[in-house]
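Chains as they are written, first to last, in my numbering: chain A, 13 to 336; chain B, 169 to 476; chain C, 2 to 288.
It should be emphasised that the hints constitute simulated quantities derived from the structure, not laboratory data. Built from N, CA and C at the ideal position, the CB exists for glycine as well. Any given hint could turn out to be false.
Think about it this way: if two alpha-carbon atoms lie no more than 25 Å apart in a straight line, the pair counts; the simulated SDA-like pairs of lysine to any residue are [stated by the list, open to error]:
id, chain 1, residue 1, chain 2, residue 2
1, C, 70, A, 290
2, C, 70, C, 235
3, A, 18, A, 306
4, B, 184, B, 196
5, B, 425, A, 205
6, A, 18, B, 300
7, C, 70, A, 226
8, B, 425, A, 290
9, A, 18, C, 152
10, A, 18, B, 343
11, A, 18, B, 305
12, B, 425, A, 240
13, A, 18, B, 269
14, B, 425, A, 277
15, B, 425, A, 175
16, A, 18, B, 184
17, B, 425, A, 306
18, B, 184, B, 208
19, B, 425, B, 225
20, C, 70, C, 8
21, A, 18, B, 297
22, A, 18, B, 425
23, B, 425, B, 413
24, C, 70, C, 50
25, B, 425, A, 173
26, A, 18, B, 304
27, B, 425, A, 279
28, B, 425, A, 172
29, C, 70, A, 240
30, C, 70, C, 222
31, A, 18, C, 151
32, A, 18, B, 308
Just a sample of chain B residues kept apart from chain A, beta carbon distances all over 10 Å, derived [said to hold, decoys possible]:
id, residue
33, 197
34, 210
35, 225
36, 277
37, 335
38, 367
39, 413
40, 472
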Amino acid sequence: MRFVLKRIVAFAVALFVQSIVIFACLRILPGDLAMVIGGTTSTPDQVARIRGQLGLNDPYPLQYLRWLGGVLHGDLGTSQLTGVSVASEIGDRLQITLPLALLSLAVALAIGLPLGVHAVTSRSARVRRTLQVAAIVAGAIPALWGGLLLVMMFGRGVGLIGVLPAQGFPARGWHAFGRALASLALPALSVGVITGAEFMRYTRSALVDVANSDCIAQAMMCGMTRAQAIRRVGLRMVAPQIVSVAGLTFAGMMTGVIVVENLFALPGLATLVMTDLRNRDLLAVQSELLLLTTFFLVMGLVVDVLHHALDPRLKDASEGGGYA
Amino acid sequence: MREGDRKRGGGAPRRKGRVLVVLRSMWHRADGAYALVVIALWLLVSLVSAVWTPHPLIESDGRNAWARPSASYPLGTDGAGHDLLSWLMRGSLTELEVVALVVLCTAACGLLGVWASIGYKSGAGRGSRTWMVCVDTLIAVPTVIVAMVVSVPLGASIAVIVVACAFAYSLSIVRVTRPVAQLAATSQYVEAARSYGVGEARIFFTHIVPAVAPTMAVQLSLSAGTAILAESGLTYLGIGIPAGVPSWGRSLSDCAKLITVYPLTVIWPGVIITAVVVALNLLGDALRDCADPVVNADLRRTMEGGSR
Amino acid sequence: MSCEVTGLTVDVAARRHVPARRIVDGVSLRVGDGERVGLVGPSGSGKSMVARSVVGILPPHLAVGGSVKLGGTEMVGAGDEVAADLRGRYVSMVFQNPGSALNPVRTVGQAISLPLVMHYDLEPGDVHDRVLRAMRSVELPERLTGAYPHQLSGGQRQRVAIAAALVTSPRLIIADEPTTALDAIVQREIVDLLVSLVDDLGASLLFITHDFSVLAHATTRCYVMDAGRVVEEGATQGILRRPRSSVARLLVRAANELSLHGEGPDGADMTGAGGTAGGATGGRGER
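Chain A with its partners taken away, still in its complex shape (with noise of 0.2 Å):
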């Protein structure tokens, strides 16, 4: 229990910094946003007016606590540009990106830990070179080429068996279910299998590490073959290095699905990260960034905690318990 206070309160700190970073950061950036909004044709004054409405003339301390005193409310602040709010438009975004994220990461975990595990306990050799050989090459795909592979195939309107949506994603959101999820199968298929791949080597990697301990050997010797034996004792062993490896996946994931959201027509989180960069619309990208910052960080922060409870010698190290 203390374990996870002490690791909550690191969390906020690091997020106290990190909104630092990205406010300070985004103040370096070139490009003025009130001479955006005024657009070309604006005169000076009208820049000054935009720039005295928006608290730009303010010193930089203010500005941080304004905006951090509103996210601390709830208000990430208003875009500038279309005038919605950013926490409605960040929701509306996330209602695509995060399902996107959570099927990915499911179909890259359903392919990657069976067949990390085949790649080890299988008997034939053949199997085991097939295995690593497929997994070397789909870790090489690029995401673009990978979701036009299955457009081609599977996309309605151009594919061989075109069943599956291949552009956009229902204006009506997750309120029209079957249609939402169609709308995801493909692109999280394309990300899925080649993150899958990764899983794959990984967890491959890590039960070859701990095929030949002493630990496997004893779990044979009370009467497992040893596929059994790398199946129930190994991927338990390992078990705390894959939920690592799969929480901060996840994370990455919530920007690293762009290019398939552009390729699909999905209208992503990171895509409204792009635009506002382009219209130097500030505000709304420092709520956005802080937002996926923060993410990232509880994602640590969830990893740590599994971690800490799936290994009962780490749970001891720090309540100090013992029996000897």
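Using the hints provided, position chains B and C relative to the given structure of chain A.
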């Protein structure tokens, strides 16, 4: 007798012999041979394309737009009548530039980061610990975000790709090599060298760098592979290689538009990218094994024979 | 259960530039019903390999040849399922390092009950009873049932390993350097415990070690191995008194010199003019 003199004197033929042995060992491995062949082909095509392509890259007329593959246009043409094959060929030179820049910058930043992580004149000072905390925080920044932020001042350019990849991989190098670097920095060799008054820079290059070299080689080859994949993605998004410059990513994005006209042209750029990225990843693994005298018996024999 | 090994060979398969290597070269040995037999040799002589090939837990890149018969069943080439069925039920093993052999995420109780659960369909109550009985026999207090291996001392961990090895009342127990990782005082306790439990069960024991002084107490016969071959065999006491091969001689001398009690393995008093000198003199005098 100083180490440098000995190396300079009998070192020249020895070093060349060692490189040949490493290359030969790599050639004997299936993955090493594949990597060497593919990379050699890539270099060849790049060099050739620098002076010649089947069709000029910029056609003055748009007569042959959207042509299907034929004898004179083996891969067809795009919306402006450009020959896709020529663009793909010339793109290999651009990829070479991208990879070279990424590897160099990553290596340089990585080494700088390693030097910062082991601290000046001490194995684990407060400064290096703070640096490691920074690294752990920075490493969480998604590469896509870095690319997007950097593209604001720089626009669509090769620098965006280089900065984003170098950022991610140099941090990764620092993190992954830390244990080995620490070990080398606190070793007795280094203590002794310092007590003889050997300069910090020399200590770094003669003791620390060789210790982290194998891990770095693998990370650098991974970064090279990622650079090509990143190039294809970022160019597609409009913040990578600028329009008008041939690259594999550009060929791939162009084919994405062609998908309704002639879907099969999508195959080639993707196959080439995958093949080359696989070659670069395998290169790192093969290099790590074959350049290690502990693992590679032939190399060990060559090195022992030379020193006698 | 008897164990017959005839002409056992273990080869490391050839890879790329490295030729195939033979690490066990035609070893033959026999452990009869109820016998306690030792397998001794310097580090790297292949003793562990022999033990692991007997039960079929060698990594797949090692090729096993020859014949291994456990209670009449041929193990070489029999397949993992056949071997797995015998493992834990009729033959069990105690490993050198219990810290790495015991699963860190399983409690003591779970570790000991695993062989039972794998082979027999028992009520949870019965399983619990047998686990407690096993713990009593190795002198571990009941309260440790829920403990994790990292919370125990080295000696306690090895007791857990022994309990797990005996809980199904196997017919053959293989002990692969069970005391090497323990401190000297605990070593003797563990060996005594193991020997008495094996005798109570009426099982056979194959005791592997590089330390002759331990063998003297634990075994009646032994085989001496060096570089993958058996170089000497016979009654343990006989070899200790008259080692013939050079390897055996080195091992016996080492055992004499390092003996804690200052006694030779056969009880002759070696103290007097200092442990080492006395030992050397005694040894030379006997030859």
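How the hints compare with the structure:
| no. | hint | in the structure |
| --- | --- | --- |
| 1 | C:70 / A:290 | 76 Å, violated |
| 2 | C:70 / C:235 | 21 Å, holds |
| 3 | A:18 / A:306 | 17 Å, holds |
| 4 | B:184 / B:196 | 19 Å, holds |
| 5 | B:425 / A:205 | 23 Å, holds |
| 6 | A:18 / B:300 | 20 Å, holds |
| 7 | C:70 / A:226 | 24 Å, holds |
| 8 | B:425 / A:290 | 23 Å, holds |
| 9 | A:18 / C:152 | 24 Å, holds |
| 10 | A:18 / B:343 | 23 Å, holds |
| 11 | A:18 / B:305 | 17 Å, holds |
| 12 | B:425 / A:240 | 49 Å, violated |
| 13 | A:18 / B:269 | 42 Å, violated |
| 14 | B:425 / A:277 | 13 Å, holds |
| 15 | B:425 / A:175 | 21 Å, holds |
| 16 | A:18 / B:184 | 55 Å, violated |
| 17 | B:425 / A:306 | 36 Å, violated |
| 18 | B:184 / B:208 | 19 Å, holds |
| 19 | B:425 / B:225 | 19 Å, holds |
| 20 | C:70 / C:8 | 12 Å, holds |
| 21 | A:18 / B:297 | 19 Å, holds |
| 22 | A:18 / B:425 | 52 Å, violated |
| 23 | B:425 / B:413 | 17 Å, holds |
| 24 | C:70 / C:50 | 16 Å, holds |
| 25 | B:425 / A:173 | 20 Å, holds |
| 26 | A:18 / B:304 | 18 Å, holds |
| 27 | B:425 / A:279 | 19 Å, holds |
| 28 | B:425 / A:172 | 18 Å, holds |
| 29 | C:70 / A:240 | 24 Å, holds |
| 30 | C:70 / C:222 | 19 Å, holds |
| 31 | A:18 / C:151 | 24 Å, holds |
| 32 | A:18 / B:308 | 20 Å, holds |
| 33 | 197 | 13 Å, holds |
| 34 | 210 | 14 Å, holds |
| 35 | 225 | 22 Å, holds |
| 36 | 277 | 18 Å, holds |
| 37 | 335 | 13 Å, holds |
| 38 | 367 | 35 Å, holds |
| 39 | 413 | 18 Å, holds |
| 40 | 472 | 30 Å, holds |
Violated hints, in rising order: 1, 12, 13, 16, 17 and 22; the structure is consistent with all others.
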